[in-house]
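Respectively, the protein sequence lines represent chains H and V. Sequential numbering from 1 applies to the first sequence in our numbering. Sequential numbering from 1 applies to the second sequence in our numbering.
Think of the hints as simulated: they come from the structure by calculation, not from any bench. Heads up, some of the hints might be wrong.
For chains that are exact copies, the list does not tell them apart, and a pair is met inside one copy or across any two.
Stated by the list, open to error - Derived EDC-like pairs (lysine to aspartate or glutamate); straight-line CA-CA distance at most 20 Å:
(1) K530 - E611
(2) K82 - D221
(3) K610 - D44
(4) K90 - E504
(5) K82 - E217
(6) K82 - E535
Number of protein chains: 2
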Amino acid sequence: MRAVFVVLMLCSVFVFSSATEPRQVRLLPMPASVQMKTGQLVIDSLFSIGINGHSDALLQRAVELFLDNLRRQTGVPRLDMKVTDAAQAKLVVHCERANRAVQELGEDESYSLEISPAGAKLDAVTSLGIMRGLQTFLQLARTTSDGFAVPAIAIQDKPRFPWRGLMIDVGRHFIPLDVLKRNLDGMAAVKLNVFHWHLSENQGFRIESKKFPKLQEMGSDGLYYTQNEVRNLIAYARDRGIRVVPEFDMPGHSTAWFVGYPELASGPGPYQIERKWGVFDPAMDPTQERTYKFLDGFIGEMAKLFPDQYFHIGGDEVDGKQWDANPNIQTFMHAHGLKNNQDLQAYFNTRVQKIVRKHGKTMVGWDEILRPDLPKDIVVQSWRGQDSLAAAAKQGYRGLLSFGYYVDLNWPAARHYAVDPISGAAANLSPEEKQRILGGEACMWSEYVSPENIDSRIWPRTAAIAERLWSRQDVTDVNSMYQGLENVSRWLDWLGLTHNSSYEPMLRRIAGSNDISALRTFTDVVEPVKDYTREEITTVEATSLSPLNRVIDAARPESVTARRFADLVDALIAGRADSEAKQEVRAWLTRWRDNQSNLQPLETQSFLLKEIVPVSQDLAAVATTGLQALDCIDREERAPDAWATQQFALLQQAEKPKAQLLLMVAPPVQRLVEASSGQKAPPPPK
Amino acid sequence: MRAVFVVLMLCSVFVFSSATEPRQVRLLPMPASVQMKTGQLVIDSLFSIGINGHSDALLQRAVELFLDNLRRQTGVPRLDMKVTDAAQAKLVVHCERANRAVQELGEDESYSLEISPAGAKLDAVTSLGIMRGLQTFLQLARTTSDGFAVPAIAIQDKPRFPWRGLMIDVGRHFIPLDVLKRNLDGMAAVKLNVFHWHLSENQGFRIESKKFPKLQEMGSDGLYYTQNEVRNLIAYARDRGIRVVPEFDMPGHSTAWFVGYPELASGPGPYQIERKWGVFDPAMDPTQERTYKFLDGFIGEMAKLFPDQYFHIGGDEVDGKQWDANPNIQTFMHAHGLKNNQDLQAYFNTRVQKIVRKHGKTMVGWDEILRPDLPKDIVVQSWRGQDSLAAAAKQGYRGLLSFGYYVDLNWPAARHYAVDPISGAAANLSPEEKQRILGGEACMWSEYVSPENIDSRIWPRTAAIAERLWSRQDVTDVNSMYQGLENVSRWLDWLGLTHNSSYEPMLRRIAGSNDISALRTFTDVVEPVKDYTREEITTVEATSLSPLNRVIDAARPESVTARRFADLVDALIAGRADSEAKQEVRAWLTRWRDNQSNLQPLETQSFLLKEIVPVSQDLAAVATTGLQALDCIDREERAPDAWATQQFALLQQAEKPKAQLLLMVAPPVQRLVEASSGQKAPPPPK
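Whole structure, please, built from the sequences with the hints as guidance.
The structure is reproduced here in structure tokens:
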């Protein structure tokens, strides 16, 4: 076979051909280097995989998991597709050496994958590289005219950053183990390698302590993981090449600890589990030796349970009010020359860091922990930005970026995608300092997520962050990323993620009917408000007891329909749209114009629909505007100025959040009005 | 509150009104008696349930399960909706006495449910009745304009038959435990109370025996349930009011036993697990004492593991060839005066029945076991029909109907629904004899099911069988049943059943693309061939190794779209269709006519689509015919005879199965051609 060496442009979608058809595959995350070859390797029931070189239980389970996925993807029974001798196998896996007993930061994850029509070969230094390569193989497998197949190809791949994480906050809302497991499957599919488990919060202490059982007995509403469950999850993650880093937030964000152990707090008790959201006053008392004695016992217990080298102590958002109000603490600060609460927290962190180190672990904390008196081996996780990360790196600290990766803020994937850990001040670091930036983590804070909708908040957007952390820095094409995201989103369906499947049942509940076509048309083009606007514009304060059953809870953080519509509109305005695209724009607008009359009958039968009536009316009005603009464009007539002014006012009104929803098709319709009238819309009011 | 006593017509859809809106609820299975009252009980976060009267762990778990379901249905967090004192509770559960330690056939399942705007009361003799009533409550809960609510109502309910089962064959294809569990949830939702677990087959022995470990080690391909898993499933079923009856098929259907224990067989070994489908020759040797010694050990072990009183020994389809060929067996038969193989099997059954009884169990078997020499306490499960059931009842045997309830045959729900256990010869039994007909079981034989599509073969059609077995005999309105079925189908989505959610991923695999709109339009109107036609018309013999990834595996056994279209067409022909309905018929036909051109691009890129090309072409042709007929009807012109003749030929061709699929819209289009031409279609060729 003659290999055709086409070095692909990075970030472009690449195309491969079999004898009969051209097909597109957009791997996500994009590998470091890809060469297309000719032909394809057919995958049928006789497909087999064999291990040569080093083998161990971890690798064998990785191979079995791969076969399970491949069987699921192709629909062949569990009896087919076997592990065989490497000499006979269609896919030969070669691994040089064992991984460490406990997965470590920075272990080699590189791999090379060569596929020819006769067979495939996957080489890696360790099982971790094999796991990553097997995921690439799965993404390459497609239905073709000749059967399931992977294209002939040569891939060399390795991650850009060694720490690529997803944090899930199980404190504010408890997230059951099976939900976490399916999200670990999703992480593995996009080559993320750290699950950061935010286990304690004001609203709940979520893990069993045998030493201090009142933590979970009084601080969790009965919603916590047993130690056996934790071990089970860690093993599950390990089999997928994922480290598990626990976080116990201290000295703030810790009200739930104080329900059972009020003596840890800086203010008088008793305490109750918080039901509201926000930053609360209770904080541990850093001046009492009993606090450190407790933490020594607790951290010692948890350090044994969690094998990972890193141990996250939180450290964020201490408002200091309890410290200010406690005369003993004030006396202590004075006696120790601690000038302010930051100094006091630094004192606390120094003590805690010694405990963490005593138990053999390396401390991780949020931005606030960074003080020059801490040893250089700690890791700072930045929610404040690249500049703060750069400042840490300059001081010799290692860091992780989470600023820009908060998936609870409902940003579009492209916005997360544009955030690079080594940008801003970090771009000017020396190579050695840059090395200290270990990667980043997507963060799923859980004020507004339940087991039902959490997957839809994490996926598929987190895959864009995964690509940012794995792929080369110059992989930045947004359209290509979105294409990959769509593939990944559908692939995650196979793995049991519910980001797609939970949507319609939620809409049926809201509609109070099985006929949700009108509600779906509506919900497809709205998004939840962004950032922290949900809290800011609410009339009823949300708590951990609030049902999460509204349209805002079902609506996707990013509307695929609105994005596609905007692309079509932009093409149309730029004169790049063919007649089919023009027709599609008109068809969408017509459907939206008419949707309100279809939605109306439901509105009278469901209390959950009442709040969207004005948004649905806006959609009809905006669509009517869009159709009028389109008519003008079609007739090549300039729309009258007065009409345009009127429409701009209407659109501005429609762009305001209602029911905490944003109508995502209003901005592209505004561009249509601009194009049809030659007028520029006035800037939105401050 | 003034109660409005409207005694509803049974089987009609009943309508209730809140202050602001009329709503329809169609409970399934239909309760024995329903009285509507005025108003509704609102269900919000403060909803609570309390137990008075008898309480025990089983009842408490039933109440917790109910709350979990209600929370899921309404989207409220797990912290809300509590179990409280009965005095404060919105729903008061009153149960008279404990159930038996092991659930028994015929335990009281009746309940009465009274709901007023102030609160609800659920009374039952036992926890079983409470479980059934709680399911009714869940079916009543709806989204209304005033919040979630149940209507004010009074229901008296009890089952018609005490044995209402679902059999799942896990031998031909192994079905993992989680899949069984979600199907138990589905069973509980429609008040089925027996899970019949068909655990051994020629293709696999699916349970761990500690006494005879070669059974699973050599007979299962590693796909079996451990005894712990079995106990876990039994407990899961118990919490849902479901008995678990194991079946070990003998002396035939037992090749998988002989792989590890060839000495049990009547012919020389060695044996291998069967991969093909059908009836095979190997059968246990009924003439050897070692056979009974083995069965004594094995049945003893299983009788301890399965607490249920009933123990199924299969007994069906012994072809007798191994017996004919074995001279020792022939000698034995001669010596014992056994005239034929039926006599020999009766001898075997008599021996096995004694072993089953020795271990404290009552024997169940398929039709073939029925011989007058067996004691009267055995139960006969009839796959042959009501006449055979009646014959058994006349002889004093109890019986179960499964004839007409084989869900693997892909019948429409209405056809199963029309099958009544007490009809045919059974209708003429004396009251005492009728009492011996215990009920029936839906049977899911698993030649063509995988974990991916099994739910879609069982649900929602099994719910129609559940209604037949629970509700009064005069509940027979098919349209009403279908309406209930649709509700249940959507409700089962909440429980995690995958009969709906697996459809689109399967289509995406087949299409090799995320764009499945054309494939879905097509697949929505085809059904798998019925009965055993799949085997009869295949060109490649299917085995347990065959992938189940074709359109026939994704297509639903009953096309909802085709049924609705047929209803519209019939209304149109009868002059009952309004203009909207007429438009809908035309819109469907237009869509189908144009679908082939949308499907075409996919056909060149997927090997799984090639086989449907002719069916898709048929769909386009049939739709074109339909549109022509519709034009004539609209214009009130009589279509020419020659045209009609031509179309009948085309339709007859289109009704022939292709790719083992049936085009379900061909028959209604034929009726349109008949109506437009005044011609009668010729009868289908033999």
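Comparing the hints with the structure gives:
no.: 1; hint: K530 - E611; in the structure: within (18 Å within a copy, 48 Å between copies)
no.: 2; hint: K82 - D221; in the structure: between (46 Å within a copy, 12 Å between copies)
no.: 3; hint: K610 - D44; in the structure: between (52 Å within a copy, 17 Å between copies)
no.: 4; hint: K90 - E504; in the structure: neither (40 Å within a copy, 30 Å between copies)
no.: 5; hint: K82 - E217; in the structure: between (47 Å within a copy, 18 Å between copies)
no.: 6; hint: K82 - E535; in the structure: neither (53 Å within a copy, 27 Å between copies)
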